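S.K.: Once you've looked at the hints, dock chains B, C, D, E and F against the given chain A.
Protein chains: 6
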Amino acid sequence: MPHSEALTPAQRAIGDFAPKLVSLTDDVLFGDVWERTELSKRDRSLITVAALITNGSTEQLQYHLARAKENGLTEAELKEVIIHLAFYAGWPRAMSAITVAKDVFGA
Amino acid sequence: MPHSEALTPAQRAIGDFAPKLVSLTDDVLFGDVWERTELSKRDRSLITVAALITNGSTEQLQYHLARAKENGLTEAELKEVIIHLAFYAGWPRAMSAITVAKDVFGA
Amino acid sequence: MPHSEALTPAQRAIGDFAPKLVSLTDDVLFGDVWERTELSKRDRSLITVAALITNGSTEQLQYHLARAKENGLTEAELKEVIIHLAFYAGWPRAMSAITVAKDVFGA
Amino acid sequence: MPHSEALTPAQRAIGDFAPKLVSLTDDVLFGDVWERTELSKRDRSLITVAALITNGSTEQLQYHLARAKENGLTEAELKEVIIHLAFYAGWPRAMSAITVAKDVFGA
Amino acid sequence: MPHSEALTPAQRAIGDFAPKLVSLTDDVLFGDVWERTELSKRDRSLITVAALITNGSTEQLQYHLARAKENGLTEAELKEVIIHLAFYAGWPRAMSAITVAKDVFGA
Amino acid sequence: MPHSEALTPAQRAIGDFAPKLVSLTDDVLFGDVWERTELSKRDRSLITVAALITNGSTEQLQYHLARAKENGLTEAELKEVIIHLAFYAGWPRAMSAITVAKDVFGA
Chain A
1 MPHSEALTPA QRAIGDFAPK LVSLTDDVLF GDVWERTELS KRDRSLITVA ALITNGSTEQ
61 LQYHLARAKE NGLTEAELKE VIIHLAFYAG WPRAMSAITV AKDVFGA
Chain B
1 MPHSEALTPA QRAIGDFAPK LVSLTDDVLF GDVWERTELS KRDRSLITVA ALITNGSTEQ
61 LQYHLARAKE NGLTEAELKE VIIHLAFYAG WPRAMSAITV AKDVFGA
Chain C
1 MPHSEALTPA QRAIGDFAPK LVSLTDDVLF GDVWERTELS KRDRSLITVA ALITNGSTEQ
61 LQYHLARAKE NGLTEAELKE VIIHLAFYAG WPRAMSAITV AKDVFGA
Chain D
1 MPHSEALTPA QRAIGDFAPK LVSLTDDVLF GDVWERTELS KRDRSLITVA ALITNGSTEQ
61 LQYHLARAKE NGLTEAELKE VIIHLAFYAG WPRAMSAITV AKDVFGA
Chain E
1 MPHSEALTPA QRAIGDFAPK LVSLTDDVLF GDVWERTELS KRDRSLITVA ALITNGSTEQ
61 LQYHLARAKE NGLTEAELKE VIIHLAFYAG WPRAMSAITV AKDVFGA
Chain F
1 MPHSEALTPA QRAIGDFAPK LVSLTDDVLF GDVWERTELS KRDRSLITVA ALITNGSTEQ
61 LQYHLARAKE NGLTEAELKE VIIHLAFYAG WPRAMSAITV AKDVFGA
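Residue numbers (this note's numbering), protein chains in the order written: chain A, 1 to 107; chain B, 1 to 107; chain C, 1 to 107; chain D, 1 to 107; chain E, 1 to 107; chain F, 1 to 107.
Bound conformation, chain A alone:
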C-alpha cells in the first residue's frame, strides 16, 4: 500500500479490510462515475449531500460536506440544502444534518 499521504479516502477508511470495495470505490465510483462530464462535480456533490441527508447517513455526511466545499458549493448554499430538505426528507433528517454541518463548518 502506498505512503499515507497518497492514500485515497477509501483506502484510509477501508484499507486492507475489503480491498475489492476500495477498488470499486476508487476505480468505478470516484475514478469513473464522478469524473463523467454529464454533471459537474459541484452538481454531483449537491445530489450526494441530498442523498445522504435524506437517508440519514450522517456518518458519510461529514466527509461529503467538506468535499462539497472543495467542489465549489458555499456554506450558505449547503445550509439552504438542509432547509429545503427539511420539507422533502422531513424535519428529523434536517436537524441531524444541521448538527453535522455545524461541526464541519466550525460554527
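Derived from the structure by calculation, the hints contain no laboratory data. Errors might be hidden in some of the hints.
As the list makes no split between identical chains, a pair holds if one copy fits it or if it spans any two.
[Stated by the list, open to error] As a list, the in silico DSSO-like pairs of lysine-lysine whose alpha-carbon atoms are at most 30 Å apart:
#1 Lys-20 with Lys-102
#2 Lys-41 with Lys-69
#3 Lys-41 with Lys-102
The structure displayed is predicted, hence computed values, not measured ones.
M.R.: Only chains B, C, D, E and F this time, still in chain A's reference frame:
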C-alpha cells in the same frame, strides 16, 4: 376555489380534502422556501429529485422530473443524476427512477 | 380453512401461502399485542398509521385507515395526522398518504 | 437573540447557523401546526414519536420522548408504543428506541 | 444493440435510455461482483432479496425472486425469508413481499 | 430474574424496562422463528445482517455480526455481503457497515 386553470398543483392534488396542507404547500413550501435566492430553482430541483429517488418516492418523481426540466435541467443531466445515485441510494432506487424517467421523457 | 366470512384479514391476504405468517399475525400481533390494554386500540391505530405513512407503506395504509376509523379516529383526525407528518416524514410521504386517504374516505 | 432562558429548542439547536430553519420550526411547525386543535398535543406527540422510531431518528427521539411526557403520555404508554412498533417498524428500530427511552426515563 | 434474445435484463429495462447504467449493471454489478466466488450465487440471491424486502423495493423483487429460484433457493426457503424479515424489516414490508411472491410463484 | 450468566441478550438489553418485549424476543423471535428448520441458522444470519445493513441499523449490526460467525459465516463471507450490498443498499450503508465490521472482527 378558483377556476381550474388557476389551480396550483397542490390544489389539484389535495383540493378541499386537506386545505391546511394546500396552504402549507403553496404558501410556505412553494411560496416561501422555493423562492429563496440562496439556491437557484435549478439547484432546488436537483436536490428535490435526488431526495425523491433516494426515498423511493416514485409517485412524486413524475411531477418533479417535469418541473426540473422547466427549471433548466436537461434530460441528459437528470439521467446522470440517476446513474450517480445508483451508488448513493442503491441500484433498486435507480432502477425505479429509470422507469419513471423513461415515461416522463417519452423514451 | 374456515368459511370466507370467518377469515381474518391475514388469512385473506396470505392464506395457505405462508401459514406461519398468518398465525404470527393473528395470534401474536392481533391476538396478543393489539389486545394489550397499555394502549387503547385508538392509540394503536394512530401509531400504526403514523408508522405506515413514515415508511411509505401505502399498500398497508388502505387497510389501516379503515381500521383506524373503526377504532374511533375521525377522518378529520386522520387528515391531521397526515398534515403533521408532512413535517416529520417529509412532504412526499404525506402526499402519497393523501392519495390513499382520499380513496379510503371516498373524497 | 433573546436571553438564553427565553430560547426555543430550535434556537438552542440551530441558533444563528440557519435562522430560516429556526423560524420555520418556531413559527410554522411549533407555532402553527402543533397548535391546531384537530389533534391534541398528546396525540401529536404519539405520532411524532412513532415517526421518529420508524425512521430510526434516535437523535430527535430523546427530545420528543421528554416532550411526550409533558404532553400527557405516561412512560408505560411510551414503552408500549415501542413494543407495538417492533412489529410495524421492525425489531431493530424498537431496540434502538429502547436504548434511548431507558436513558430518558432514567431506567 | 444485439438481437432481442441476446439482451441482458439491464439492456431490456434501461436500453438506450442510459447506456452507462447498462454497462455498470452488466459489467460491474453482474459481470464482476455477482461472479466473485467469495459468496455463492445462492447466497447473493438471499441477501439481495433480503435487501429488496427491507427497502420496500417491490418492483425489483419480482425479478430477483425468479432469479433466486434459478440460483437454487426453493419457494419454501424464500417464503421463510419473508417470515423472518417480518421481524427485522417490519410487518408492512413482509406483507408487500408476500403479494409479490404469490404472484411470482403462481400461488 | 435469573442469574446474570443465564440472561438472554434481550434480557440484558431490555431487562425489566419492557418485559413484554423481552418475552416476544425470547419466546417468539428467537425461541420460535429462528428455530424453524425451513432456513438454516446460517441463512437466517445472512438475511438478518443484510436487513440491518440495508436499514442502516448499525447498533444491532454489532451483535448480529458476532452471532453470524457463531452460525457458521466466515469473516470473508460477511465482508463480501457488505461489498455486494454496496450496490443494493447504496455505498453509504456499506461504508457504515465496514466501520462496524472492522470493530467486530478486530481489524
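S.K.: 30 Å Cα cut-off: does Lys-41 pair with Lys-69 within a copy, between copies, both or neither?
M.R.: both (11 Å within a copy, 20 Å between copies)
S.K.: Under a CA distance limit of 30 Å, which applies to Lys-20 and Lys-102: within one copy, between copies, both, or neither?
M.R.: This pair counts as between: shortest inter-copy Cα distance 15 Å, intra-copy 34 Å.
S.K.: Quick one: Lys-41 to Lys-102, C-alpha cut-off 30 Å, is that within a copy, between copies, both, or neither?
M.R.: both (23 Å within a copy, 25 Å between copies)
The structure fails none of the hints (numbered hints given earlier).
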